[in-house]
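Protein chains in written order, with the numbering used here: chain Z, 1 to 202; chain C, 1001 to 1085; chain H, 2001 to 2972.
A few of these clues could be false.
Partial list, computed: chain Z residues near chain C (C-beta under 7 Å) [to be verified]:
| hint | residue |
| --- | --- |
| 1 | Ala128 |
| 2 | Ala132 |
| 3 | Arg145 |
Simulated from the structure, these hints should not be mistaken for lab results. All C-beta atoms, glycine included, are put in the ideal place defined by N, C-alpha and C.
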Amino acid sequence: MHAFVAPVAVSPLVEVAFANGKPGAVVFVDHSLTPRYGCKGKGKGAAQWLQSLGLPLPAAPNRWLPLAEEGLIARLGMQEFLIDGNADVVARLQASPPPADVAAVLRQDAALELSGPGLSELLLQTCAVDFAALDLAEQPVVLTRMTGVGVTVIPGASSYRIWCDGTYGAALWESLYAVAADLPEPPAQSLHSTDRSSEHDA
Amino acid sequence: MKLMTCPINGTRPIAEFSYGGTLRVMPDPNAASDAEWSDYVFNRDNAPGIKREWWRHIPSNTWFIAERDTERDVVLRTWLHAERD
Amino acid sequence: MRLPSVEREWLNRAQKIEFSFEGRPYEGYAGDSISSALWANGVRVLGRSFKYHRPRGLLSLANHDVNALFQQGGEPNIRGDARPLETGMRLTAVNTFGGGVAHDNGRFLGLLSRFLPVGFYYKAFHTKALFPLWEKVFRLTTGLGKVDFATPRKRTAKSYDFCDVLVVGGGPSGLAAACAAAKAGARVVIVEENARLGGSGVYQLGADAQRAAILEALLQQVEAADNIRVLVDHYAAGYYKDHWLPLVAHAADAPLRKMRAKSVIVASGAFEQPAVFRANDLPGVMLASAAQRLFYRYGIRPLENPLVLTANADGYRAALDMAKSGARVAAVVDLRGTHAANDLEQQVRAQNIPIHVAASVVEAVPGPGGKSVIAARVGAFADGKAAFGDLREIPCDGILMSVGWAGAANLLYQAETRMRYDDAVEQFVPEHLPEGVFACGKVNGVHTLAAKLIDGERAGAAAAVHAGFGAKGEGVEVPAEIESPSHPWPIIEHPQGKNFVDFDEDVQFKDIANAIQEGFDNIELLKRYSTSGMGPSQGKHSNMNVLRILARLTGKTPAEVGTTTARPMYHPVSMAALAGRGFSPERRTPLHGRHAALGAEWLSAGAWQRPAYYRQDGKTAQECIHAEAAAVRGGVGLIDVGTLGKLEIRGKDAAEFLERVYVSRYANLKVGMSRYAVMCDEAGVIIDDGVVARLAEDHFYFTTTTSGAAGVYAELSRLHILWKLEVTLVNHTGAYAAVNLAGQKSRAVLSRLTDLDLSGAAFPYLGVRTGEVAGIPARLLRVGFVGEWGYEIHVPATYGGALWDALMTAGAAEGIRPFGVEAQRLLRLEKGHIIIGQDSDGLTTPLDLNLHWAVKMEKPFFVGQRSLAILEKKPAKQRLVGLVFPTLPNDAREKPQECNLVIEAGEIAGRITSIAYSPTLQRHIALAFVRPARIRPGERVDIRLSSGDTLTAEVFVPPFYDPENLRQKIAD
């Protein structure tokens, strides 16, 4: 009988996050090792199963809801769910075998959180979605591409959370970091302002 | 850049999508003659006009059907395959 | 001459700017452009023309010509009209051969002009031996600015931008449109290429304070609206699908904005057109609007004693503006016999300015060296012809041309607008606009100021409605022009020539006429043969006159002649602005850092980075690869196979689904076992292979090739939608790290890390087990792979590094070595394993690859089955076989290579698909396609080597190594 020390989980961003540090205008935080769980099913199977376990359920595709103490549940498209940031809920889900019409999705994402005065400019330089036009009150989830990498984005009032396939994580971080590092000294401005008439281009 | 509307994720630049071929109905392989089967596999109607096509939104892996006028380069509408016309 | 402050000028007189041109120091003000600053300092010769090196001054002052083109250090082709003056600028003209603009050594080319008509280069060079000489000459004489190859790479940003209504052009109609759209609630952006808003409203004044006040009111309205964003010093470089426009800044460091709008209003105005008369390119001959800009924007009296040649009301206004600047206007010469702007005419007469009607300037009289104008020769003009008999010579120091306008319709053409020629305004105007595109103002054929405002409001409201704001109103009546602002023939066919049509390319009237005569009588051919419209201005000041000449000389109407289209970019855009950043993301396995630390030589497999091999000091690549392979055959090696596609399927119909997409049977696969999997497309062509493992009755875990993963998952997702089976598909490619521990010692090594029973009975060849390895939850498969006992181990990606470290440590005693892709390929070739895409192509079927055994035609349906049924009945064209080379020494100078052909009776009969030297077998081995008649072991086939020599090969049935496949099934 072998006894092993619990293995150490390592974030896919560990090498690049260390190498690139933190540029001034945008703050990067690596959340890859946050506990998370994914599942999907055909029809309503996954939704019903999660509800039966007591989770709140976003009614529409591409919406998220907060979980009771911490974390969130996001509905990705019609039938896929991501639960992120609540160790207890994640542990409970991992311990419950899903029904036959639901499959667990192993989530080994690279996950990051971006904030800071340069955030909206960084998004404009790296993503073709008009985030400023979104209504945050609807708690939208956006599946799109940034710097060539497929991402899931949850916009917030002062920070954005981004998930991507872990094997693309280093490339995403490096691209975003390079753009952020080139941003000029940021003026103080609201991150989610629709009013850009104060902008004056020299 | 041309825009395409995913029925689930909304309108995005076409770089977020990939084309999946004309929407075709497979003939019954057991009933079709060799000639009919070959026609289905290899031949397509490329004349400019209104086509129904498979398209996929890459970041979300959402497949859908697009009705597209290839002569005027206009996307008329898009819908999930499961939905009735 | 610079005047004291002019009301609403664009200068900051408090900020003086020092600069130099051709070594001479000058002074200007903040707000000057380079052109205005030079002209204010009395510099009249700003450059030399492209072909004939004629002295040139200002023509448009609007960046619609390149008379004023400069170089500063390493930056070539600076547009004087558009570039703001900056402190310390050291400028030279671009097209001089030494001697500067004043004494350009190239000026002798003007004397040779008779031998340099358009198209001369198609006819003049017959002696091929002299071509290298001519090439040298042309490389020196052609081109404009000089490129500095040491220029450092500058990365410029690009950003997306969004609005509801984009207004291109901040002139009166554009401002009115913006206000109307903003009032309806839309987010509006105005993009204006000049430093300030206003357009022609700033300078087409005719000294009328009321006209200026109208603009002021509009500007205040724009300022007050908080949903109008203004981008000055930016231009829309092109129109792309679905209202996507790149907005380019004149400033070097500003990002290029990729603007997406819901509606676009093109209020881009019009290009003023020159009149064509002899010596119309002398410094001092300029467009009337240029002179008006010099006065109102830059506080400059453009000329002391100008003559105005006109065919519209604008010319009369220009004369009044010149008088206001303090100039003594020599005369107004009107091409027309009568006109409707009586009010303006009276004001001109009140200034004691003589007016000559039904007359034209036929020639500008040059001053010394052709560097100035000293007089205009004026003759009667009727029915498009001048009377040369009785010319009047009127002294003047410059000629203002106000004879017509061509709509700046570039963006409209790119949006596929259908244009028509409007005889009432002698201009092409939009006839049918695409959805979401609107036009107003001069580009729409509306020239009168009051009408422009109404037209702008109409367009703005309509654009807002299209974007979802405001309600559709009733139709708006835009008053028609009372007279044409453009003359249909402002052209003098002068017997002595030098009447220029295109100033960029030195194209004269006779060049156009001769080209037409030579048969280039269609607008597309004429443009290309004459090069008119092909210079940096791209026809902004010349296309209309060329079109008029072609129409008249071929007896057609301008509508019948048509226009060439306009292509992006509207002005030349620097490569730096377009390049921006490239994003080609790499994909890395969780073991990337481990490989780097071990000295990996990287190989790109699509987006993935994989170690080809691990570098060893003092060893060649091949030595490293052979050593890695030897380690596997001799003991144990470890390779990262994390790039493999890893898919999962769960549900009651899982087996059914797999049976439909793969050629083999899986319903009968036992839980805990795996099976090779071949996937075909509808045509029966093999497109991917992998392994299917059954974890439970309704749960399979299956792999694909590295490059096929994304495509296979996408296609299976699509088939899932079509077939509606009860399954769920998951793509776990990036979620699992995977390694393959291969070699006779692999079982011993693994046994130190797991409690799983690794005996051959408990965990047979092709079995799949779940358990823990080094405390990490894992899936283990025993697969053929490299033909040794081995385990493919899959763990969640975050534990990949921990697994690798544990295995390397546990295997240290056995001399475990990491091995890379090249060693893997060699080892697998020794077993005769195929690589899809290498040993197969776009037509290869499983039958060609001897995979008949895998194809279960008795299944009710699988993708490709029907096609394979047809192909089975046809004679085979090729078969994949193994080859060895009995006559090839291991140290042969020339070895066979991939794609060397099999030749039979002088015809191509196959090709080598994979080949390598096997250190284990001490010989070269290959896979190749041969004709079906040649597949018997021992058959001889001829290979044509790359040099053309022939080498005999012998057919061999793989595996080359361990033909009984014992080593992967039986361990020590």
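Consistency of the hints with the structure:
Annotation: Z/Ala128 was flagged as interfacial toward chain C, and the flag holds, the nearest CB pair being 5 Å apart, inside 7 Å. The criterion of a C-beta within 7 Å of any C-beta in chain C is not met by Z/Ala132, whose closest approach is roughly 15 Å, and the hint is violated. For the restraint placing Z/Arg145 at the interface with chain C, the shortest Cβ-Cβ distance is roughly 6 Å, inside the 7 Å limit, so the hint holds.
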